[in-house]
Amino acid sequence: MSKDFKKGMKQRIIVLQILMVAAIFLLGAKSVDIQFFKAEELSLKAEKDYSRYFTVKGERGQILDRSMNKLATSIDAISITACPSKITDPAFTARKLSSILNIDQEKIQKTLSSKRMFAWIARSVSPEQADKIRQMNLSGIYFEADSKRFYPNRNLAAQILGFTDAEDRGLEGLEFKYNDILEGNSLNIRIKQDGNGGVLDIDKKKRVELKGNSIVLTIDKKIQFLSEQTLERTVKAHDAKSGMALVMRPKTGELLSIAHFPEFNPNNFRHYDSEVFRNRAVTDAFEPGSAMKVFTAAAALEKGFAPKSIFFCENGTYTIGTFTIHDTHPYEWLSINQIIKFSSNIGAAKMGETIGDRALHTALVKFGFGDKTFVGCPGETSGTLSAYLKWSKIDAGAISFGQGISVSAIQLITGISAIANDGILMKPLLIKKIISNQGQDLKIFHPESIRQAVSPEMARQVKNMMSLAVLEDGTGGKAALDNYTVCGKTGTAQKASKEKKGYAKNKYISVFAGFAPEENPELAILIVIDEPKKQYYGGDVAAPAFKTIMAESFNYLNVPPEKSKPMVAFVSTGEKK
Amino acid sequence: MAIKNNLRQKALPPQKAGFCWIAVIFLIFCELLAYTWVRTESTQTILRVSHAQEMLIDKKSYHKALMVERDRLSSDDRITKIAKTKLNLSTDTLKQTIYFSGDKG
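Same order as they appear, the protein sequences are chains A and B.
Everything in the first sequence is counted per the working numbering, starting at 557 for the first residue and increasing by one.
Everything in the second sequence is counted per the working numbering, starting at 118 for the first residue and increasing by one.
If you're looking for bench data, these hints aren't it; they were derived computationally from the structure.
Don't take each hint at face value.
[Stated by the list, open to error] Result set (EDC-like, lysine to aspartate or glutamate): computed pairs, CA atoms no more than 20 Å apart in a straight line: (1) K642/A x E603/A; (2) K1063/A x D1086/A; (3) K688/A x E171/B; (4) K748/A x E158/B; (5) K792/A x D194/B; (6) K1019/A x E1087/A; (7) K198/B x E819/A; (8) K201/B x E765/A; (9) K177/B x E700/A; (10) K181/B x E765/A; (11) K176/B x E603/A; (12) K1057/A x E1028/A; (13) K177/B x E684/A; (14) K176/B x E765/A; (15) K176/B x E700/A; (16) K688/A x E158/B; (17) K201/B x E788/A.
Fair warning: this is a prediction, and the values are worked out from it, not measured in the lab.
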């Protein structure tokens, strides 16, 4: 080997060494740059790829009946979301999604074309749709665990419960009123994902912890169903516009049922006219007609009259100022007992006039008329009971038999229950308790007495009068039950005309309000039928519905018969004695 | 001079020094492999846990859906319709008192 060759080799080695050292130096420098100067920027960039921020919303709480049956619940669903900033071809992704979700392609494309980090594409899609989209493996498209409101009993108690929108916000009924309680909590969390976009994080379980509180109602699912069924039959049989049936426990004020017809299915409320969404038992006021006479009688008894005090009933026609009052049958002298039994308008008007405006007004206010009950449903009306100083000459007389005053169904049944409950007016109770997502009681609503509306003795006397009205020759004979003494009062009110002053022709509201058994009232029931066509007297239209609901409810609640028949069992031959 | 000679004798021969370096590099390489293995296993475990949780959530969700379906199927409205239309049953709750007659037993 020549000396020159050795020298050249040495030089090349030196050059290579210098190059290698330079390369190592450059690598080191780059490493320092990455590790120290660009560390934050790069780690943020990397984090974007394997994690993202996401708002977890807890499931909405349930609405349960008094026996903890589900009336409104939430089921798990999958929602499609997107990170538009990660989508390179919005038109392609939109076309693919549109074909499966049946959503307008342009709408999706517009959403995907933004530079946002999060966007909803579709809420609560079917598992099949979610699977199809998942198989497409579209980048920037994600699947979020979501929930969907579901009402397993469909139409049952729909007007009480209301419904929610796609974002799970209450829009009507208790869903709206108690949205803050039912709504689940939200939490903004960072979730990690693998290369395929699959979520690795264990934070998913937080959804359970974030669940909203639940509401337990006083409503009894069974009695609600029995009421709705009977109400539907009654409304259809009389070709009526609508109807309401309320069932209350007089001793506690607990509402066991608030039935409406026509009803709607809150699972697909968009298919119904918004007119049927209202809980009319609370929001709408109507003239109660003769059902009001029991309160006039109570006022008269409180004023010192006796059940046998008599009033001259003018043989069927009585004029106050320019107004003429009629009775369906002409009567001469009637006792208060008979005024209630035969439902004499003139007798009631005379009672009202005799006791005076102030006494009548005071009695009605004591029974809760003209004031909200604060039952806890949205849009409650207080009805109309003007101050007695503003009453005209006819007002006391008209109010005495249920005209010139408007009440809500909830006020009327609360007032009737007060008579059943020895004169004690109870606050109507619809919410029994609020429970946490862990099942613990957060707040319990106990029965609350408002005031003594009428003395126990007077209440007993009014009860007796009401029992006379349900005798065979009374106006409410069709409400009588075989083995229980029923106390009740019919009501037939002409509806106010919408076009002109005064009352509309052939438009009536038929009412029956009562309770049973007389000695120890278990249930109070109010039936209101709006614009029945074939018959319109409360005793013909509403009383039979009262009887059916009361009998079926007693059967369900195992209320023992009141009238004591000889309870000796004989060997049966199968013949009726 | 004698001390210098001793030091020269104690210094490692170049071949041995090379082995030392190879051993160090091997150790570091092993550490890298171990670290990679731990990291991979950890990711795999996270994946397995995540998958198991997903399955649990799915099962719970399915259970919940079944419960709701049970409630829907056992709703009074549906049962009554079946009883009336398919089984020809009827309720007569208004006349439930049974009258016995005949000789005293």
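Here is what the structure says about each hint:
Between K642/A and E603/A the CA atoms are separated by roughly 14 Å; this keeps the pair inside 20 Å, and the hint holds. In summary, the hint linking K1063/A to D1086/A is supported, as the alpha carbons are separated by about 8 Å, within the 20 Å threshold. Note on K688/A and E171/B: the hinted pairing holds, with a Cα-Cα distance of about 19 Å set against a maximum of 20 Å. Restraint check for K748/A and E158/B: satisfied, since their Cα atoms lie roughly 17 Å apart, inside the 20 Å limit.
Among the hinted pairs, K792/A with D194/B is consistent with the structure: their alpha-carbon atoms are about 17 Å apart, no more than 20 Å. In summary, the hint linking K1019/A to E1087/A is not supported, as the alpha carbons are separated by about 29 Å, beyond the 20 Å threshold. Between K198/B and E819/A the CA atoms are separated by roughly 17 Å; this keeps the pair inside 20 Å, and the hint holds. Between K201/B and E765/A the alpha-carbon distance is near 44 Å, which puts this suggested pair outside the 20 Å criterion.
Simply put, K177/B and E700/A have alpha-carbon atoms about 16 Å apart, close enough for the 20 Å limit, and the pair holds. Distance hint between K181/B and E765/A is fulfilled; the C-alpha atoms sit about 16 Å from each other, no more than 20 Å. Between the alpha carbons of K176/B and E603/A the distance comes to roughly 31 Å, so the proposed pair goes past 20 Å and is violated. Distance hint between K1057/A and E1028/A is unfulfilled; the C-alpha atoms sit about 37 Å from each other, more than 20 Å.
With a C-alpha separation of about 19 Å, the suggested pairing of K177/B with E684/A holds against the 20 Å cut-off. About 18 Å separates the Cα atoms of K176/B and E765/A, which keeps this hinted pair within 20 Å; it holds. Under the criterion of a C-alpha separation no larger than 20 Å, the hint pairing K176/B with E700/A is consistent with the structure, at around 16 Å. With a CA separation close to 31 Å, the supplied pair K688/A and E158/B exceeds the 20 Å bound.
For the hint linking K201/B to E788/A, the alpha-carbon distance of about 16 Å falls within 20 Å, and the restraint holds.
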